[in-house]
Amino acid sequence: MRVENRFASLPPYGLSAYGFQLSDRAVNMSSRTSSVIPGFGLTLGYTLVYLSLLVLIPLGALFLKTTELSWDQFVAIISAPRVLAALKLSFGTAFAAAVLNGVIGTLLAWVLVRYRFPGRKVIEAMIDLPFALPTAVAGIALTALYAPNGPIGQFATQLGFKIAYSPLGITLALTFVTLPFVVRTLQPVLADIPREVEEAAACLGAKPWQVARHVLLPALLPAWLTGFALAFARGVGEYGSVIFIAGNMPMKTEILPLLIMVKLDQYDYAGATAIGVLMLVVAFILLLAINLLQRRIARS
Amino acid sequence: MSIRRFTLAALASALLAGPAVAAESLLNVSYDPTRELYVEFNQAFNKHWQAQGHEPIQIQQSHGGSGKQARAVIDGLRADVVTLALAGDIDELQRIGKLIPEDWQSRLPQASTPYTSTIVFLVRKGNPKGIKDWDDLVKPGVEVITPNPKTSGGARWNFLAAWAYAQQKFGDEAQAQAFVEKLYKNVPVLDTGARGSTVTFVNNGIGDVLLAWENEAFLALKEQGGEDFEIIAPSLSILAEPPVAVVDKNVERKGTREVAEAYLNYLYSEEGQRIAAKNFYRPRNEAVAAEFKAQFPALKLVTIDDDFGGWKAAQPKFFNDGGVFDQIYQAQ
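Here the protein sequences line up with chains G and C, keeping their order. Going by the working numbering, the residue at position 232 of the first sequence is 232; the numbering climbs one at a time, nothing skipped. Going by the working numbering, the residue at position 16 of the second sequence is 16; the numbering climbs one at a time, nothing skipped.
So here's chain G without its partners, still in its complex pose (with noise of 0.2 Å):
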């Protein structure tokens, strides 16, 4: 599964914090002398291999397909108005989704690790399980529930908004589909936090306050950014679930990966390669400057 590679991918963050970092000489395997355990040319063959075919070949075809269009045709099409009121949609949508997922996910981990309370393990399972369901499943459920006439819609109703059918629902169905993300990369770091940490900080004369923001955010951070990343990444690109959700309305609540398939139905087969380089380079570069500010982070 994808994501577990991205888990395993990750720098050993919980350690750094306690200065327990791996030196970078060690890490960096590129002498044959330093490693301890070999097969290190075999080890990136087989990476290289595997991530070619996987992500290279892929998103290399995509790239290709869309030469057939001319640097003008390109440029028309990703600047039509309803493209870009989608752009801002389905980024805009996917960003405040994985901020409630921050706050919420972070909420739920410390919850999680720090307390034994009676029905933790079920609310533990419970955490998987927008993973485990069919998007579509989960979009139709969300849209039952939360449209005008719904259960839980009606109330919005009587109060004059609607949830279902605006970018709010959006949110909402991403909120549900990436919510594993930030909960599982903060656990296992909070986990490895020693409680003494804190006391002995308390002990120093922090208060609670500087204690959460000297001690235990500098820790947390760059795992939260991984889970935020993540989430957003996930979000962007969702369909199953949103378009039940959504409205689908042109230039309101139409989200980007429905115009590459309103482009496939026209079998303009170039015209939605274009979308989907187009959102390939907006999410690269957002994913990129979220690992640049980690970096800096784990630097300071």
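Just so you know, nobody snuck in bad clues.
Subject to a maximum C-alpha distance of 35 Å in a straight line, what follows is the list of computed DSBU-like cross-link-like pairs (lysine-lysine):
| # | chain 1 | residue 1 | chain 2 | residue 2 |
| --- | --- | --- | --- | --- |
| 1 | G | Lys252 | C | Lys317 |
| 2 | G | Lys162 | C | Lys222 |
| 3 | C | Lys125 | G | Lys162 |
| 4 | G | Lys88 | G | Lys65 |
| 5 | C | Lys222 | C | Lys278 |
| 6 | C | Lys132 | G | Lys162 |
| 7 | C | Lys185 | G | Lys88 |
| 8 | C | Lys47 | C | Lys222 |
| 9 | G | Lys252 | C | Lys132 |
| 10 | C | Lys312 | C | Lys249 |
| 11 | G | Lys162 | C | Lys182 |
| 12 | C | Lys169 | G | Lys252 |
| 13 | C | Lys300 | C | Lys139 |
| 14 | C | Lys185 | G | Lys252 |
| 15 | C | Lys68 | G | Lys252 |
| 16 | C | Lys254 | G | Lys65 |
| 17 | C | Lys68 | G | Lys88 |
| 18 | C | Lys182 | C | Lys169 |
| 19 | C | Lys129 | C | Lys139 |
| 20 | C | Lys182 | C | Lys129 |
| 21 | C | Lys185 | C | Lys317 |
| 22 | G | Lys162 | C | Lys68 |
| 23 | C | Lys47 | C | Lys249 |
| 24 | G | Lys162 | C | Lys129 |
| 25 | C | Lys139 | G | Lys88 |
| 26 | C | Lys139 | C | Lys293 |
| 27 | C | Lys182 | G | Lys88 |
| 28 | C | Lys125 | C | Lys139 |
| 29 | C | Lys249 | G | Lys65 |
Don't read these hints as lab results, they were simulated from the structure.
Following the hints, put chain C in place on chain G, whose structure we already have.
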């Protein structure tokens, strides 16, 4: 015979038998609402096929949005026959896929359309908003549910039916466009497919009127026991023609041309027509049509070929990027 020899013989016979078994299966790639129709038709055809002294044949059905299904076949899904929502999608099998000849539509009677349907209104029981005709759909406060014509074949028929009505009423295109624009202002949700819209209207309780395939409307009524909804037939609608075709490249590769052609021809038989009518599709056969006269209201129907110049003209004009449908939403 030693065990090893026996295994080898078994393996060899399995390998030899493999292609023969495969030749006796048929894949029908269809669109969403024909699921129930083809379940019944496949059984009937199999009986007919065996009665003619053939081995029983395994018929597989695949359903989905019409455009998506056409793309799957172009991308290599080995369909023996396609039975899609509109001729435009089968045209693409020729244009992009080169899987069928250009004259595919003239190979079977009635422009390769063994059954037809039309677009009707499904309203809530008692018709609280008093919806009788297309004019009522543009009134303020009426919510209309229809899928997105960019992604749904059924929705394109809906759009064209509304256009045909306005065109006939006003007699000029600018006013027809204004009418359709007003209609789509009353649409709160554009689902991606016909089934999605039915769910929005029936299960989620959104909207006052659903523009639907006549067969879908009857099916929704049948499943609900007729308690919650009524069908309203507008004064004018469009003859929705979902055509069928043998996919030449695939049947030649698989050696299934004979059975594939027999399969489609059987749709035109009295038995096939009766099954279509029972599943709420309008039959072409006049005797069968007379039998089911009570079921289908007589409607004034325009056709895609006579009134819109066929899909080859209608698709780019109305539904491709920058077409009338896009202009409606750009104007808002």
